[in-house]
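Numbering of the sequence shown is given in this note's numbering, commencing with residue 116 and proceeding in unit increments.
Everything labelled a hint here was simulated from the structure, so no lab data went into it. Errors might be hidden in some of the hints.
[Claimed, not checked] Cut-off 20 Å, straight-line C-alpha distance, at most; resulting in silico cross-link-like pairs (SDA-like, lysine to any residue):
| # | residue 1 | residue 2 |
| --- | --- | --- |
| 1 | K201 | E159 |
| 2 | K119 | P202 |
| 3 | K119 | G245 |
| 4 | K201 | R320 |
| 5 | K186 | L132 |
| 6 | K201 | P126 |
| 7 | K186 | L216 |
| 8 | K201 | G125 |
| 9 | K257 | G245 |
| 10 | K201 | L190 |
| 11 | K201 | G267 |
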Amino acid sequence: ANYKAFDLVGPLAAWNLFLSLFSTYGAIRTVPHILHRIANVPFEDTVCEYSYVAFGNGAAGLATQLFILSKIPELIDTVFIVLRKKPLIFLHWYHHVTVLLFCWNAYATEAGSGLYFVAMNYSVHAIMYGYYCLQTVNMVPKWFPTILITLGQIAQMFVGTGVCASCWYFWYTGRVCHNEINNLIAGALMYGSYLYLFCDFAVRRYVFPSKKPKSQKQME
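Model the full structure from these sequences, guided by the hints.
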């Protein structure tokens with residue numbers, strides 16, 4: 116594109132700080148709730164019970180709704196990349212588009228397994244966007260191992276794929292599991308593809324890094 120790259124350091128740092136704080140709030144509201152359920156009810160209930168019974172009310176329910184709504188403004192990440200003329204990799208736009216569609220479908224169909232995805236994503240984003248904020252203003256401590264963010268993302272994909280597969284198994288064996296089969300299939304395909312792409316990203320960045328300088332911007 117024939118335009119001069121915008122600097123936007125201040126706005127980008129502020130945006131990433133906002134997303135980090137927002138995600139921290141969401142993690143505080145959802146992680147204890149899902150951990151409590153994991154510790155006190157069978158795994159099948161944690162993924163199959165009606166969402167409005169399991170986590171739809173109160174603080175966790177509000178944080179879940181805000182999470183779904185946040186997938187639209189998160190597209191501003193792409194705007195910053197374009198305006199600053201940074202590399203827009205396939206993983207970035209594929210991830211943002213598919214997550215938005217999947218999350219809205221899961222929320223509309225009241226997926227019983229939704230809190231797993233919300234709590235994991237909030238937790239990863241709280242750290243990831245905080246790192247982006249510090250990176251934008253060149254304040255990331257030299258000792259900070261950035262690979263931890265990528266490993267957290269990969270772990271999220273492992274769990275997400277497993278949850279989708281488990282729900283599909285419960286549904287297929289005739290159990291009462293409140294997840295739409297089309298959403299489960301889409302979720303398994305989506306998380307499976309993320310798992311491959313993030314593993315490929317990690318190998319190319321940390322195991323066999325290119326000699327050419329690359330943007331440190333990662334994906335959620």
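Hints and how they fare:
The hinted pair formed by K201 and E159 fails the criterion: a straight-line CA distance of about 44 Å is larger than 20 Å. Of the supplied pair hints, the one linking K119 and P202 holds, its CA atoms being roughly 15 Å apart against a limit of 20 Å. As the CA atoms of K119 and G245 are separated by approximately 27 Å, the hinted pair breaks the 20 Å bound. Among the hinted pairs, K201 with R320 is consistent with the structure: their alpha-carbon atoms are about 17 Å apart, no more than 20 Å.
With a CA separation close to 16 Å, the supplied pair K186 and L132 stays within the 20 Å bound. Between K201 and P126 the CA atoms are separated by roughly 16 Å; this keeps the pair inside 20 Å, and the hint holds. The suggested pairing of K186 with L216 holds, with an alpha-carbon distance near 9 Å, which does not exceed 20 Å. For the proposed pair K201 and G125, the alpha carbon gap of about 16 Å is at most 20 Å, so the pair holds.
Taking the CA atoms of K257 and G245, the gap is near 15 Å; set against the 20 Å cutoff, the hint holds. Restraint check for K201 and L190: the C-alpha separation of about 15 Å stays at or below 20 Å, so the hint holds. Note on K201 and G267: the hinted pairing is violated, with a Cα-Cα distance of about 24 Å set against a maximum of 20 Å.
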